[in-house]
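Visitor: Residue numbers (our numbering), protein chains in the order written: chain A, 112 to 434; chain B, 11 to 263.
Simulated from the structure, these hints should not be mistaken for lab results.
Among the hints, a few may not be true.
Computed cross-link-like contacts, DSS-like style, restricted to lysine-lysine with a CA-CA straight-line distance of at most 27 Å [to be verified]:
1) B:Lys257 to A:Lys390
2) A:Lys400 to B:Lys255
3) B:Lys234 to B:Lys60
Reference listing, derived: stretches of chain A covered by chain B, where coverage requires no fewer than 3 residues with Cβ under 8 Å from a Cβ of chain B [claimed, not checked]:
4) 198 to 207
5) 244 to 256
6) 268 to 276
7) 288 to 302
8) 342 to 352
9) 411 to 421
The beta-carbon is built from N, C-alpha and C at its ideal position, and this holds for glycine as well.
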Amino acid sequence: MSGIWIVIEARDGRVSRISWEAVSAGQKLAALTNQDFNAVVIGAGTEGLAAEVIAKALGKIVRIEHPRLAAYTPDGFTLALQQFIENERPAQVVFPHTYQVRDYAPKLAARFGQALIGDVTAISEGPVFTRQLMQGRLNGSYRHSGDGPCFVSVQAGAFRADAVQSGAATVTVFTPTIEAAQIRTRHSECFRGAAQTVDLASAQLIVGVGRGIRDPANIPLAQELATALGAELGASRPICDAGWLPIERQIGSSGQTIAPKLYLALGISGAIQHMVGIKGSQCIAAVNKDPDAPIFEAADYGIVGDLMEVIPALTEAVKTAKQ
Amino acid sequence: MKIIVAIKQVPERDAQMRINAAGKWIEESGLQFALNESDAYALEEALQLKEKHGGEVIVLTAGPERVGPTIREALAKGADRAIHIDCNDLGARDALGVARLLAEAVKPESPDLILTGLQSDDLGQGQTGVILAELLGLPHASLILHVDKTDAGLTVKRELEEGWFQTIDLPTPAVLTIQSGGSKLRYATLMGIKRAKTKELHTVAAAELTAPAVILERIALPQKQKPTQILSGTPKEVAAALVEKLKFEARVL
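Could you put together the complete structure from these sequences and hints?
Guide: The structure is reproduced here in structure tokens:
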């Protein structure tokens with residue numbers, strides 16, 4: 112058993128950004144363990160995807176091709192990769208940590224008596240894999256034990272996509288056996304929920320509201336501050352789940368990804384799902400009553416205090432500064 | 011419909027966490043525990059399905075004795091009975107090991123549907139439900155916001171990234187992992203709390219721990235991604251200081 116295989120995921124027919132990050136993580140792992148690293152693309156009609164990765168420093172690229180892989184299903188992808196892994200016997204399999212990977216990689220790992228080390232943020236000598244625990248409050252160091260392949264998925268933004276080196280890989284095709292009856296779920300086309308009327312992605316100033324706001328009656332306080340700043344109002348998932356703000360204002364992995372000049376986080380603890388959505392912010396300021404809130408790890412400026420007192424004071428200070 | 015809801019008790023969201031002496035887990039003494047958030051939504055979905063279609067809702071959990079109040083809470087909200095896998099070494103088992111415990115308890119019940127939250131708020135692995143389906147040989151769908159029963163099985167609404175959704179048709183029995191926010195959570199009524207005391211709670215012993223494939227070796231406080239200037243003073247002072255810094259130091263205003 113040897114070698115590292117990276118499972119490339121497509122987005123709109125192209126290699127997704129997070130897949131490049133997974134390649135970068137695979138490169139790191141290859142250097143630490145002195146192994147070759149390779150990639151698979153999976154689907155029906157994967158020539159284009161393979162062509163995108165061929166100019167990178169990968170040993171081999173395998174196109175796992177089957178008409179029944181044209182659309183993603185957990186049964187189809189698991190079966191195809193299972194057959195490929197049984198054939199190739201890799202030491203490690205690296206995935207981008209996407210909703211799709213979360214849907215089938217644990218199943219695939221279980222077929223080999225393994226558990227996925229998911230949402231990894233760092234890889235070090237050992238290899239030791241770091242992932243977040245307790246909603247980002249703690250880091251855990253994980254190690255794979257025993258025989259069998261080690262399955263790892265890497266968090267969006269944790270490895271640098273532009274660190275992938277150029278090279279010339281070889282491409283071959285692997286054809287799995289998939290019977291129609293083995294695919295038990297039928298997936299519709301993807302659709303958008305409500306019309307996206309709020310474009311947080313291009314907003315320059317954003318005020319984000321989290322659980323710390325405590326009551327929907329306090330939302331106007333945050334809105335006043337946003338208005339004074341000329342900022343858009345966004346929110347973390349629990350606020351939208353509770354219906355205090357519409358889902359189109361949700362920031363994070365299931366909502367919008369933002370890249371403003373300033374992100375002002377009010378009462379947001381900084382769970383992983385939120386943090387991946389705000390990584391592109393130029394400057395982050397956070398107000399939270401909990402000095403240990405993970406948001407402070409990523410913030411440039413922090414205020415530890417009561418939102419009900421700090422928000423109105425900030426609104427006043429902004430108004431004064433603008434006069 | 012016979013529905014099993016797999017739930018987990020986790021440290022309360024705002025609990026102050028200290029790393030234990032061995033550096034392998036948090037110090038649990040004095041910690042408050044609660045029902046995992048997405049599991050609460052899984053329970054809610056199960057109760058609503060039962061209200062619409064009839065049947066039975068069974069809660070299933072693995073953990074030490076302290077999970078008792080969390081089980082009672084689920085029974086008070088409307089679950090009919092509970093199975094507790096008594097397990098003092100949950101943290102030493104990997105996701106596959108935990109799913110194996112749950113699968114053993116599910117098998118003799120032969121449910122039509124198994125629901126669980128999409129991930130736990132403590133470990134955040136998001137794997138248990140998906141592995142459980144694999145171990146039981148059942149189809150699954152993950153990150154589900156809404157469940158409709160159909161003649162052929164189920165039609166479910168799945169959340170994708172960045173505001174996209176998908177519907178999935180699948181036959182029953184099946185396993186679904188439920189995303190939070192799909193419905194409004196109910197509170198336990200006084201009558202519910204009273205009734206919960208008389209509902210069946212079956213405790214079974216956990217299978218022996220076997221060598222896990224994945225080991226959590228050490229936990230630590232995260233390293234800062236960048237230096238943070240913490241501003242201190244009265245609300246008025248910190249507000250003025252922050253605006254000043256945003257304007258003249260960071261130059262983002």
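Visitor: Take the hints in turn and mark each one as holding or not.
Guide: Hint check:
1. Between lysine 257 (chain B) and lysine 390 (chain A), the direct Cα distance comes to roughly 21 Å. Compliance with the 27 Å bound is thereby established for this hinted pair.
2. At most 27 Å may separate the alpha-carbon atoms for a hinted pair to count; lysine 400 (chain A) and lysine 255 (chain B) meet this at roughly 21 Å.
3. Pair hint lysine 234 (chain B) plus lysine 60 (chain B) does not hold up; C-alpha atoms about 47 Å apart against a cutoff of 27 Å.
4. Requiring three or more residues with a Cβ within less than 8 Å of a Cβ of chain B, the coverage given for the segment 198 to 207 of chain A is violated, as only 0 such residues are present.
5. Closer than 8 Å: that is the beta-carbon criterion, and the segment 244 to 256 of chain A has 13 residues meeting it against chain B, so the requirement of 3 holds.
6. Counting residues of the segment 268 to 276 of chain A whose beta-carbon sits less than 8 Å from any beta-carbon of chain B gives 0, not enough to reach three: the coverage restraint is violated.
7. Given as covered by chain B, the segment 288 to 302 of chain A passes the check, having 8 residues with a CB less than 8 Å from a CB of that chain where 3 are the minimum.
8. Under the rule that three or more residues need a Cβ within less than 8 Å of chain B, the assignment of the segment 342 to 352 of chain A holds, with 4 such residues.
9. A count of 9 residues in the segment 411 to 421 of chain A with a Cβ less than 8 Å from any Cβ of chain B is obtained; the coverage claim is therefore met, three being the minimum.
Taken one by one, the earlier hints fail for this structure at numbers 3, 4, 6, listed in ascending order.
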